[in-house]
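Fit the two chains together into the complex; they arrive one by one in their own frames, and the hints show the way.
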Amino acid sequence: MEDDLALLQAWRRGERDAGSRLLRRHLGTVYGFFANKVVAEAAEELTQRTFETCVETRDQIYDGVTVRAYLLGIARNKLLQHHDEWRRRGSKAVQAGESLAGAMGPTASSIVARGDQQRLVLRALARLPLDFQVAVELFYWESLSVLEIAHVLAIAEGTVKSRLARARGMLKQAVAELDAEPALTDSTIRDLDKWIASMRRHVEGDDADAG
Amino acid sequence: MPTPADAVDDDRDWLGDRPRDPVAEQLVLQRLESKLLERRPVAVMISRYLLLGKIGSGGLGSVYEAYDPQLDRKLAIKVLHDGKDADGTARLLREGQALARLAHPNVVAVHDVGVVEDGQSVFIAMERVDGLTLADWLAAQPRRWPDVRDVMVQAGRGLLAAHEAGLVHRDFKPANVLVGADGRVRVLDFGLARAVQTAEIESASTDAPPAAIGSSITATGTLMGTPAYMAPEQIVRGEVGPRADQFGFCVALHEALYGARPFLGDDVVQTLLAVRRCEPPPPPASSRVPAWLHRVVLRGLAKDPAARFAGMAELLDAMMQDQRSRRRQRLGGAIALLATAALAVAVTLALRPEPTAEELERVDRIAAEARAAAAHRWFVYPPIDDPDASTAYRKVRELESQDGAVDAIAEDRAAELRDEFAATLVRLGDEYWAREGGAAFASDYYAAALVFDPDLEHARQRTTLSPGELHALTDKADDASFSPAELVAGESLAVLAEDDPDRRRARTDALLERPDGPAPSTGARLQALVEREPPVATTREPPVARAAPLEPTPPTAIAPEVPVARSDGDALESPVHASPTTARREDVDALVAAAKRESDAGRADAAEALLHRALRADRDHAAALAALAHLYFEAAQYHAAIRFAARAVAAAPKQSSYRILLGDAHFRVLAYDDARVQYERALALGHRSAAKRLELLDERTGGSSAR
Chain A
146 MEDDLALLQA WRRGERDAGS RLLRRHLGTV YGFFANKVVA EAAEELTQRT
196 FETCVETRDQ IYDGVTVRAY LLGIARNKLL QHHDEWRRRG SKAVQAGESL
246 AGAMGPTASS IVARGDQQRL VLRALARLPL DFQVAVELFY WESLSVLEIA
296 HVLAIAEGTV KSRLARARGM LKQAVAELDA EPALTDSTIR DLDKWIASMR
346 RHVEGDDADA G
Chain B
1202 MPTPADAVDD DRDWLGDRPR DPVAEQLVLQ RLESKLLERR PVAVMISRYL
1252 LLGKIGSGGL GSVYEAYDPQ LDRKLAIKVL HDGKDADGTA RLLREGQALA
1302 RLAHPNVVAV HDVGVVEDGQ SVFIAMERVD GLTLADWLAA QPRRWPDVRD
1352 VMVQAGRGLL AAHEAGLVHR DFKPANVLVG ADGRVRVLDF GLARAVQTAE
1402 IESASTDAPP AAIGSSITAT GTLMGTPAYM APEQIVRGEV GPRADQFGFC
1452 VALHEALYGA RPFLGDDVVQ TLLAVRRCEP PPPPASSRVP AWLHRVVLRG
1502 LAKDPAARFA GMAELLDAMM QDQRSRRRQR LGGAIALLAT AALAVAVTLA
1552 LRPEPTAEEL ERVDRIAAEA RAAAAHRWFV YPPIDDPDAS TAYRKVRELE
1602 SQDGAVDAIA EDRAAELRDE FAATLVRLGD EYWAREGGAA FASDYYAAAL
1652 VFDPDLEHAR QRTTLSPGEL HALTDKADDA SFSPAELVAG ESLAVLAEDD
1702 PDRRRARTDA LLERPDGPAP STGARLQALV EREPPVATTR EPPVARAAPL
1752 EPTPPTAIAP EVPVARSDGD ALESPVHASP TTARREDVDA LVAAAKRESD
1802 AGRADAAEAL LHRALRADRD HAAALAALAH LYFEAAQYHA AIRFAARAVA
1852 AAPKQSSYRI LLGDAHFRVL AYDDARVQYE RALALGHRSA AKRLELLDER
1902 TGGSSAR
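Chains as they are written, first to last, in the numbering used here: chain A, 146 to 356; chain B, 1202 to 1908.
Bound-form chain B, shown alone (with noise of 0.2 Å):
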């Protein structure tokens, strides 16, 4: 038989043509002009996007930066080389395919996939990240150990999302991952990510030798991997699967938790041979990464497979497991000193550096605006139609958030809420599980209990999500990202967590009206599920998860139909939180009214509850919600104030001081030309101010408000 060797003398064919890379060309020749002869470069194109420049390349193909003229936005184009004939183009189209379906925060996202014009190349076109690699990132500071955790923590719920999907990274390494400047992070590059077919092997073609096709685990091409973070398995049987990306994962936290990788050589002969003897060296003594992560660490580098983690998800579960006990350490503290929030307060200012009265306040805040989103029974999922406004969870993070001498303060906050906010959740669990066509319902109950508190036994038992799901919900809860139908479900467990009748009849209708609402099986549930008895799901005690049960409850209800708030800040608490008593419309007005009084004697936050009380009544009421679209604006929440203002407006858009306050609203954020669509709104109704703000806006903008 023909040895590639004799070919050789059959020198012609054997060497073919010099390979040719026709888009870098007419790159280059585009630049050398400009340079070379002082020429306006002619544009370069890829299906509809413009190239720029050539970012870099790797094994598989070239990175370009460009930009699509229809989106008005740059992205980055992988050209993918493989093709040798259309079954390699169409392997990598469906690669391509593969990864345009993962739509997930922390992976890159996919924007186009197809074939360049010469019919052999496929292109890849991605979000164009502004950030700096992981590699970068760490080296720009001294990075504090949560931090980086935080950072791998993102990284690793990407890997996670490819893992359900069916596909694998197999190059996981720093310079893979982006840490963008908005503060997410991504994961990148899945250029090497093939679907892993346990089964099938994929296009195997007659020149393989007879050894690659017995091999089931691996898919067939060229091995690549940076030596450095390549698995043992990967290295000596070319096995990769989810379990080598969490080795991978494994070596850059180690790198970048303590400045240097477990397994070091100075080549790549030195550095594989390293990998196999898979012995990592004991951290630095000057480290400050607490043991528990460092086991962590060594555990995902176990030689063996089956030693690591079972999955990305268990992993990124031990990585943050100091969240979970640290909530517990203080509730059990604030237990066995009959914890009312007062006395938490108390203790934990007795070792800590004194909180501003502001810092209390801006706590006492959002803790209220917890309470109200938990009222609309915003939970987890916001409202369909304002997916960006606050919910419960989201203020709880908040409050978990807070840097400073009030952090310990607002944590104990954030444990009470969650613990309470759960414990709603499963009993709202509860009593539709018994019911009948309840148990689907219950179910994202559960599931939404554990967002606040994954530690739920009895919660986990009956949810029908995955570790891997519910993780996804978290994420999603956390950055609101979730998808319309998502928002619809949620709305529906709304809906049967309202306690009173009316409203959740009106509710119920309002959702199954909508155009995009649920399926009609779902709706029929729904509604049957409606008619009968509310559910006695109000929060009036406070949470018995724990050991003991808590002693003096938290202040509580107030007579609803007393519309005046304390004036301390604790009470801002209760209104909201009272007993089920519907404000019927006169008392509306009556709540506004006091709110405004509430407001100009300077208690805003009060103000603030009351009008919530009164939209809880009466969605629309205009009054209400200029009102509060006032009090947001006055704290610069200008966001907010856009929210209410807008609605203000849709409830009456004759009424040209709203147009104004919305107008005003939109200036703060730089948003000029939706300001000038209100402003000129309102000088066509006739408002004094608006001649003036227009003028105000042209000396911004440089525009001229005369059409």
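With the rest of the complex left out, here is chain A (with noise of 0.2 Å):
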């Protein structure tokens, strides 16, 4: 941790050594943090502002806070500037015209789910309100504390802990609403007007829920 610290100091000294190693390390925890909420360019793009605020702002980190959670805080605003700049050009969830396979507007993953479980688990994460998803990202998957969600998130840690909970009710909620949804698999589309009128409401609720 240490480490890590003394590595970003050293990168905004100027010194371009630590600047590489550091990116090394936490490349695949920012641009992953992207992927799965974005499409490909931006996720590149969005990542790269992201390590260029980190080294050009002289914030201080707080204790107990590693580098990582940092890093993922400024993704996170990243992030949000980057809806707020979407929701600006008022563009449509959904391009008839592209592939069903991958876009769905803003939120489009550039991630490829491998096999069906990790599909449903990143569709289901991707029912959630955006601070909710956050929270079990970082949690489960980037093993945050509750003080470094706190921090990520901007809210309280009693917050974080109330918020995991709910988080975990509404992933069982969007599994089971997925699970009964006829899914995108071919050989399960017997009745098209159910699944387009569950396809409706997934395009229309995922502007209503956000943040």
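Honestly, I wouldn't trust all of these hints.
[Said to hold, decoys possible] From the structure, some residues in chain B lie toward chain A, with a derived Cβ separation under 10 Å:
| no. | residue |
| --- | --- |
| 1 | 1212 |
| 2 | 1216 |
| 3 | 1226 |
| 4 | 1238 |
[Claimed, not checked] Simulated coverage check for chain A against chain B, where a stretch passes if three residues somewhere in it have a Cβ under 8 Å from a Cβ of chain B:
| no. | stretch |
| --- | --- |
| 5 | 161-172 |
| 6 | 190-199 |
| 7 | 279-286 |
Hint data in this document are derived by calculation from the structure and do not stem from the laboratory.
By construction, the Cβ of each residue, glycine as well, lies at the ideal position given by its N, Cα and C atoms.
This is the structure we're talking about:
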């Protein structure tokens, strides 16, 4: 941990070697954070902006917060800005001319799921409001402490715990819905209208629940 | 039974790990290092390919631009993720291999298939096409409907090739069609193509719900496709087959011709509902697309798959129907007017702007080249050792593609030639049909005849080729993309069509001696047929394929011993097409001399005809070859000049002037290295101009000849 902090400070002083090592350590985390939420080009660009910001600002990093969590905090902010830009442009959630497989508007994922289970997880996560999704990811995938998650989301520690609990409930419900919904598998689409109705809910719900 | 919802209680296990894409991460790392730290990037490799950047990502995987250092070329690499396990990976690998087996000019070529180091992802390395997607091409400038049609027909041929190999595209749309800068259209992203296996279900996983197993037409996997281009049966029942591809193709065709898709909706949901209703709108009033083509589009968009065309071959035929009826129209008109070439020209001239003398000469020249090729029996297949050489068919196509004031005349000439060559080939087919051991060759003659005239019922009946194969043959004849084996087969046909017994035997021997020659059984049959009498296959009379027999025959035989052509344009066609007489060796020199005189007098076409005759008698006559090379050089046909000069050099390696000529021709097409080789040899042989040529070359290339 200190190691990371020392590297960041060194990078801020202009030592490129340090920057390289830091980048190598944490690129996966930061890029991965964006990759299941936005398209590939955006993921790369947001990753770049995140690292640029972290080396250019002179923020202090709080005690008990790792550099990794610090980076994820910056990343979350960049993501919110990105969503705001999209909303301002007023783009429709889905364009009919694009492939179903992958493009759902600004939240399109550039991550390709391996296998049905992972696909299910990603889709269920994507149904949660953004900060709930982030909370779950940070806790389970990044193993951040409650304190760190509080820092990243700019909320109190207590709120983190309750949010996580609520998130679990939401996930369960999302999974149940997905399971009941005739999924995007050709072998199970039998009732087009029901599927279309659930698609419509998903498409419209996305804009309503975010944030 | 535990539901997936229960699983969430076992949080951590269920959520698993964050999914990663190591290849993409590598690339991003590389780029950020260079942007943020000004570091030289480290190469990211897949197998032997160097990744340059991500081009895009789709449902099944990501596409990267890459470089192959071994072959020094750029390509595109698609990395597919779907292997949850070894089975999944194996299935993907099989798909990739199926794609690699598809070799067709209108399908993006697959160069390599393999597994990425992590063992989970399959990569497919494909050609990188320099061009625009169909959508961009349409948007770039207003396109006339015939051009749109021609581009779509090319794409359709790619689909046809896939269908014939048992593959279905499943996601045909304008974004998956590339119009190359070289004019060739390629279909890509067969990433969704799966071998449609009607009987077996691929890797039936135990997780799949029972309903899935029952549907025998679908392959397991996710439903993907683009809503606007999906067929109704694909949406409703998940049925995917060649007719679904046909539907998607026609949606794209509609969009390309009219500027809008036939089934519109504001979002996915509305679009899918519109497709399911399947009620295409009438074409815009301002559209100039002909009604017959609109009917073709409509049929392909039929809601019931059985109502659509039987297959892509029939659809493409229907899309091209104006080409055939146009020829018939013109020929019909010509017959009614006692068709001689001159009279047909006069009539059409009266109706159109005046073509220039230069244009008319060009038409004559191309027609003469067609006849020259036909004289060598290169109707559809070129010579084995010179696959780029002109064939009669390619020359006919060249005539048909003449634009401007002269196009009607050129078309008429092409139509005549088509009928003539088709008739010759049919006659050859008839000849060998009756002979023992000749049926297979006859079938090929009939097929070749159908390349020239697809309407010949008689030939259709007797050939063993399917419509799809005939399409493929016509395509290959168009762009000379024959495989070596096909060229060898073509030579057998040429041999059997030779009317001079000595030449026939010589060509047969040459063919059978080749290490890559025909199989022993074919060779034996060939030999047996060759021993007998030659066929009476020379075309002296005009074709009789049409209703009324044509009246005055086109100008024909001049006594071959008089090696002088008349000075007007018409006569060009005759000498090469005269009755079969061998010019003996002494005569060959006379022919060459006569050709020189014609050429000096400015009658290049006559000279050319004479030289071709000379070469018929003696293929390796160096002087004739060199003289022809000169002619082509003067006419700025540098590639032809290269071919003949190269043969001249091969025939007479010590003749330095031939090397200079060959070097000059190479120079003109910017093949500087090849030019250098020839100039240096010429220098070594003592040619006085060689040194100066090398200086010029150095100036041009900035190199040094002093080694």
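- Non-conforming hints, listed in increasing numerical order: none
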